[in-house]
Amino acid sequence: MNYLKLKSTFENYLFILPAVVIFAIFYIIPFIWVFQLSVFEWDGISPLKTAIGLANFKEVITGDPIWWQSMLNAGYITIIALTFQNAVAFFLALACDREIRFKNWFRVIFFIPPVLSEVVVGLVWQWILDGNFGLLNGWLTKIGLAHLAKYWLSDPATALNTVAIIHCWKGFGWGFLIFLAGLQGIPRELYEAARVDGANAFYCFKNITIPLMIPVIVLVGILTILGTMQAFVLIMAMTGGGPAYHTQVPVLRIYASMQGASRFGYACAQSLIFGVILITISFIQYRFSGKQSR
Amino acid sequence: MVAMGTRGMIGESTKHTFSLKSFLIYLLMAFSSFFLPGCGSNSSEVNNTNVSKPTILVWHWMTDRQAPLAELAKRYEEKTGIKIKFELYAPSDAYSQKVRAAAQGNNLPDIFGILAEKRDFAAFIKAGHIADLTPNMNAENGKWKNYFFAKALAGNEFNEGNTYGVSAGIYGVPIDVTTIQMLYNKDLFRELGLDPQKPPATFDEFLAIGDKLKAKNMQGLVSGWGEMWMIDCLANNYAFNIMGKDKVLATLRGEVPYTDPDWVKVLSLFKKMQDSGVLANGLVTMINKTAEQLFANGKAVFAFNGSWCVNVYKGMNPNLNYGVMLPPRASDKYPMSIWGGAGTSFMVNDRSPRKEEAIKFLQWFTEKDQQVFFAEKTNNLPANKESIKNIPEILAQFSDDIEYATHPNTWGVSEFPPVIEALDKGIQSIIIGEKSPEQVSQDVQKIKERELAKKKAK
Amino acid sequence: MKSAAYYTAKKITFNTFVYLFLISVALSCIFPLLWMLSSSLKTQETIFQDMSLIPRELHFENYMRAWTEGGFGRCFLNSIFYTTSVVFGIVIVSSLAAYAFSRFKFPGKNLIFYIFMGAMMIPIPGSFVALYVLLNKLHLRDTPVGYILCMINVGLSTSIFLLKTFFDKLPHELEDAARIDGCSKWGIWRHVALPLARPVLAVVIVFNTLNVWNEYFLALLIFDSPRLMPLQLGLMKLQGEFVTQYPLLMSGLTITALPIVLLYLLMQKYIVKGVTQGAVVG
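Chains as they are written, first to last, in the numbering used here: chain A, 1 to 294; chain B, 295 to 752; chain C, 753 to 1034.
No wet-lab data here; the hints were simulated from the structure. Cβ coordinates follow ideal geometry from the N, Cα and C atoms, glycine included.
Covered stretches of chain C, as calculated for chain A (at least 3 residues, CB under 8 Å):
hint : segment
1    : 784-794
2    : 836-850
3    : 853-863
4    : 946-960
5    : 1002-1014
Extracted from the complex, chain A is given alone in its bound form (with noise of 0.2 Å):
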């Protein structure tokens, strides 16, 4: 019996085996060689290396007001990636998971903008907020609105907004296919069932289908905090981070330490310090809904 259960234990370390190997060897090494290099001054290229202490963690925190703005920024991104972006994204998929007409033709629409390049996505969407030239400031002139009409990216008031908004346009469909794949999973019975009892379309939302989906929520809830405060690609085609520091991000300025400044040791402080504010977000976003689905 005791061999049996060692056995047993043995076979279960064998499923996750493969994992934590490839893990160890291309993840956790070059981790820790990061967690060194954040205690020392490194230019990236010269041999030498000056051991500096808490240096580089003590100025990413007292001594670095853009490094908080750019986080301040993502996270506002973040904010409306979590709510505007996720709600529209779980409304399709419910639209799409009901008997509604060409729901497969929007399916697979409502993928494209995911695996569109980000080149043209940069190019579509300047195309369309140019001040001078673009399509959306000739429609507000054409319907009369023309005193809305703005540059868009270059205003400071409205870039922040604006890169946002393209960010959920360009992320929204993730969370689409895999609320989608959530709602596969609940049973059709479930639904019938209320229906027999006489209960309404919001009902069964709300006790069915809310309730169930909790914890795909909570996955793409997180995987939306991830994909939007690492963010960079799309912004800097769009903004390159400006005007001034207005759309400036988190990872931006980490690559401006590392190519720009050449401070390996700084850009590897900064990493594990965005690292563990987006672990302790995630941690709580987990632990609270986590408890909310119990």
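Given chain A's structure and the hints, the job is docking chains B and C onto it.
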């Protein structure tokens, strides 16, 4: 093939398998087709060193120049029997990281470009990755050295007593020259009632065009000011014009503060440009490729761009009728300056066993004939001064002003990156009206003092 | 009667709004695609002058030129090879681990799971130098195996997280039944858990395929030989450092997007037709 595989199988259960089997079969096939030839060619590459005629490996990032480079390599092989392999790695950001990583593993090729500021260039030299070419340059009374424009060579030179701690010498070979200047659209000039032969020479003349632009609802200056270095470039041009080179360099050394009235004056120029309406709307977040698009299609009157743009505009709009001008001077005290010098340089790997052959190839590569060919094919300015007579007119306009050219890489002292960033971002803030020139000069000085203190602490 | 008419009217208005919303979102998604397609048929001179979606002349030769100038032939095969290997690897490795995290009990389970989750959160852009030196020491630099292993690692954490969430949702009855029938743990994973998780496996496959298919930085870092480079590096050639050949780039991007669209169409079916637990039990 995958689909047929699953359809061929019968039974419900196989459909559940996610076509796992066909996946596996495919994978095996792909693997076998991959590794068998793969191993063979790998070993032959390693053995290359033993062959009497070596292959010289060159890494670069210049996507638009791979074809002429390959052509020149062919010619060299025909002439000498030495094979030159140009390997292209783009985009340039990733390329420059690849070079750094390769340096860590001592895997650098025989010849490479580094795409870095002087500070990082120095770090590569000090780490022993880059060969000192001074003896070769000076051999035969400086024959090789005399090929080049002095300005082109200067970026690759370290002078006696430089602040980087590199022993004096020449460490790179310029293969082309770039200058960054102001351009204007001659057709739009006529539309505005301006003389296309007389671009504005003074800053006030330039500002006066703002009203005409507004009246005709046209856009003025476009440039890649969303990418910061192009703002930095124009600001530096005007700093040289207003306070002279010595004072600018004194500022970099920390002897003159950024709060000096002359620097405030430089910053105020950007406010004046914005207020007068000569800047295109949306300029602060514009990337250079967008700026090039707009100027090429006649949607902007002025552009601030590098000489590579000749090739870009030619592709987008061959009929674009434009001229080259110096940025209009804001002061008569000192000459106007522009950034210019080596556009691209190649370095020789000091650890390479084929170092001598690599140097010989670069000597041949920068001879007059090859440089003319290269400049013609790529629409860039050649680094060899003998070749400059044989280039198209619009390019010649760029080269005419090379006497005004300067570049941070030739100054012998670098500004701290955070200070440069604060200056450039500060100018963006001035243009969007968030900060005054005075405020920005104070912000920049604060960061300068912080960096100086940090340096002293070391 | 009146109330029935009222409900019908209400339903129609509601549906109208739903469709209006669906259609406007759909239009915003299609528009860039159409723009990309139409731009791919224009010339460098007309692409930013003639902004209409229907080009006056159709330059289909752009596709041929993009294919040759980007060196797509070899790159395309490479990319297909890397993507299938990585995705296959991730599906196997992550589903095994996720299944264990979801179903089994063993010491250190939660700790290991949380470490995987933590890895998802910490972006380490600086780690590429370490990765490079590591691969160099393992003699895996400039080899497909090195690249594939690195990319498997990149997608691992997220895939485990996705799969575990869905495994947790699955009912245990079927697995219990299989166990009583004498099925081993491996058999249950393979024949019960994986088929049931098909909708989420489809998501994992699409997610990782897109990730690997679009990756270029690690590839550029790890590979020296041009013959090993993936598709994205061909695209980078078209994108150009100074001169961007926009129509060729758009043609190249269209070619690149096609396999992904096909894969999505294929996978999408698994999400739609996903067998609900009830049906399987029945």
